[in-house]
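Residue numbers (the numbering used here), protein chains in the order written: chain C, 1 to 309; chain F, 310 to 604.
Read the hints as simulated data drawn from the structure, not as lab findings.
Hints are supplied without guarantee of correctness; some may be wrong.
Claimed, not checked - With a cut-off of at most 25 Å between alpha-carbon atoms, the simulated SDA-like pairs for lysine to any residue come out as follows: (1) 157/C - 389/F; (2) 157/C - 520/F; (3) 368/F - 152/C.
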Amino acid sequence: MFPYLLRRLGQSVLVLLGVSVIVFGLLHLTGDPTRLLLPLEAREEDVRQLRALLGLDDPLWVQYVRFLSRAVRGDFGVSFKHQVPALTLIFQTLPATLELTAAGLALALVVAVPAGIVAALRRNSLIDAVCSVGVLLGQAMPVYWLGLLLILVFAVKLGWLPAAGRDGLASLVLPAFALGAFSMARIARMARSGMLEVLAQDYVRTARAVGVRTFLVTYKYALKNAAIPLVTIVGLEFGVLLGGAVITETIFAWPGVGRLAVDAIFSRDYPLVQAIVAMLATLFVLINLVMDMVYTYLDPRIVFVRSRR
Amino acid sequence: MNEAAGVAAADVRPAPGAIRRRLSFRAVFGLTVLVCIGGAAVLAPQIAPWDPARQMLLKRLRPPMWEARGLREHPLGTDHLGRDILSRILYGGRISLGVGLSAVTLSCLIGVTLGLLAGFHGGRTDAFIMRVVDVFLAIPYILLAMGVVFALGPSLLNVILVMAMTRWVQFARIVRADVLSIREREFVSGARARGNRSTRLLLRHVLPNALTPIIVVATLELAFMIIYESALSFLGLGVQPPTPTWGWMLSDGRNYVATAWWLATFPGLAIMLTVLAVNLLGDWLRDTLDPRLTV
Numbered sequence: 001m002f003p004y005l006l007r008r009l010g011q012s013v014l015v016l017l018g019v020s021v022i023v024f025g026l027l028h029l030t031g032d033p034t035r036l037l038l039p040l041e042a043r044e045e046d047v048r049q050l051r052a053l054l055g056l057d058d059p060l061w062v063q064y065v066r067f068l069s070r071a072v073r074g075d076f077g078v079s080f081k082h083q084v085p086a087l088t089l090i091f092q093t094l095p096a097t098l099e100l101t102a103a104g105l106a107l108a109l110v111v112a113v114p115a116g117i118v119a120a121l122r123r124n125s126l127i128d129a130v131c132s133v134g135v136l137l138g139q140a141m142p143v144y145w146l147g148l149l150l151i152l153v154f155a156v157k158l159g160w161l162p163a164a165g166r167d168g169l170a171s172l173v174l175p176a177f178a179l180g181a182f183s184m185a186r187i188a189r190m191a192r193s194g195m196l197e198v199l200a201q202d203y204v205r206t207a208r209a210v211g212v213r214t215f216l217v218t219y220k221y222a223l224k225n226a227a228i229p230l231v232t233i234v235g236l237e238f239g240v241l242l243g244g245a246v247i248t249e250t251i252f253a254w255p256g257v258g259r260l261a262v263d264a265i266f267s268r269d270y271p272l273v274q275a276i277v278a279m280l281a282t283l284f285v286l287i288n289l290v291m292d293m294v295y296t297y298l299d300p301r302i303v304f305v306r307s308r309r
Numbered sequence: 310m311n312e313a314a315g316v317a318a319a320d321v322r323p324a325p326g327a328i329r330r331r332l333s334f335r336a337v338f339g340l341t342v343l344v345c346i347g348g349a350a351v352l353a354p355q356i357a358p359w360d361p362a363r364q365m366l367l368k369r370l371r372p373p374m375w376e377a378r379g380l381r382e383h384p385l386g387t388d389h390l391g392r393d394i395l396s397r398i399l400y401g402g403r404i405s406l407g408v409g410l411s412a413v414t415l416s417c418l419i420g421v422t423l424g425l426l427a428g429f430h431g432g433r434t435d436a437f438i439m440r441v442v443d444v445f446l447a448i449p450y451i452l453l454a455m456g457v458v459f460a461l462g463p464s465l466l467n468v469i470l471v472m473a474m475t476r477w478v479q480f481a482r483i484v485r486a487d488v489l490s491i492r493e494r495e496f497v498s499g500a501r502a503r504g505n506r507s508t509r510l511l512l513r514h515v516l517p518n519a520l521t522p523i524i525v526v527a528t529l530e531l532a533f534m535i536i537y538e539s540a541l542s543f544l545g546l547g548v549q550p551p552t553p554t555w556g557w558m559l560s561d562g563r564n565y566v567a568t569a570w571w572l573a574t575f576p577g578l579a580i581m582l583t584v585l586a587v588n589l590l591g592d593w594l595r596d597t598l599d600p601r602l603t604v
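So here's chain C without its partners, still in its complex pose:
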């Protein structure tokens, strides 16, 4: 177990290094970062000043090492637009994003897991059919469209919930649902097929044959094993949700990291963009590291299979 975790940790560090290369490269994409950072009509003198300020005349690898050593210490530079360290801005807005993603994920799990299980237990019933239509629609509906429809119906027509902003629990409902819908569909699908697979296993049949009560068989024997792949999905799904938050926050004017990022891109505030991409990627890597540990705890066979490769 321990060597596996150590190796897994090493991999995460490598991945973060890779992320840093891409984040660094983002600024150098056009060859000359000043062209990206300054408006087109910038004076020649300003361009020169900025070049000197950012040390852009050094060789690229020197710049990268400098970038990395600062980034490791959490220093991504100062946001051009807000004149505040980029990291400070992220920490100000991250709670709102985490709140939204957590709510979206929780909503997805609360609806999808029971739905998937019931659909599997009552296979080919009306409930199953309703669930699978829901899954199909949920997977096909883009989050920005669903968001607009939700605003149209629940905020504009019915006036039940606020259309934008972050002000109390009521304002969380629509964005969390819009964000979580896609994950909801995927998790429900996973839960259903996972449950069907487990229900067909020998030990479930044996348990039934020796007279264990159906309730126990379903919830103790089957559900526990069907939960294993779900744990991984939750980790990956969190990344999907963080990405989806960019759009959801834009639609619902939710003051989170996603909206901050979109704003930063359009105002050429690339230090802030770099910081946000790096932080979200780090968050994703950490969450998946934790999920993998939970996973090895739930299913000890994993370690063997993985370390053999």
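Got chain C sorted already, so can you dock chain F onto it with the hints?
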């Protein structure tokens, strides 16, 4: 990173008759819808009632024809500049499907090549490629894409390139996993023993056997790319106006949600129908070609 992760596990093999009929109904439905939408997009110049860019300011914000103020010549209404929504949707389909198909093709080429190399050579090549895959999985792709498109300028080509560059990992992962098992099979060692070189071995013996999951992933990725493209458009970084795209139409409609619901509703419906059809087709392909596949 999460090597055991599949996005959705395949159904356990269904009881023969009953479900196979339902599946094929779904497939036929998906295919029909897709052919209609694809046909409409291809034939847009012939069948669209209006020029999609033509502004008729006297007929601004007219509702669909079945509503009180609707006009018969604008079946789905007009937008805030008096442009015909139906015509714009027809033309927008060209961008959505065209960009989606190109991006999938490109990301498939990149992903399959790297996946083949990783799975076939193993060792350091594999470790390196898989770490790169992990990097791309960790980075929020929408933000990366926005940053890149903004830096390079939002042209059609840049949008396609960025979409492919951020999604190839899906192909690489599945192909690698498949190749890992294929390369251990006897016909591969046989071909190797006969003195085939690596390239030939890969292209003639390994690749054809890994084709099934590639086709399935390509279909499901097409659905994803269509959503992706319109998301970029929606955020203002897709293909630029005046070319009509579904994402732009939605983004325009956003400002009129309270007063003119049809602006955002119909393009969204077009996206949903297209994605739904592609997904149905993909599901059916997966269940038919390889029921144990977890994509």
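Now for the hints, and whether the structure bears them out:
1. With a CA separation close to 21 Å, the supplied pair residue 157/C and residue 389/F stays within the 25 Å bound.
2. Of the pairs offered as hints, the one joining residue 157/C and residue 520/F is violated, with about 49 Å between alpha carbons and a cut-off of 25 Å exceeded.
3. Straight-line distance between C-alpha atoms of residue 368/F and residue 152/C comes to about 23 Å, which keeps the hinted pair within the 25 Å bound.
Hint compliance for this structure: hint 2 alone is broken.
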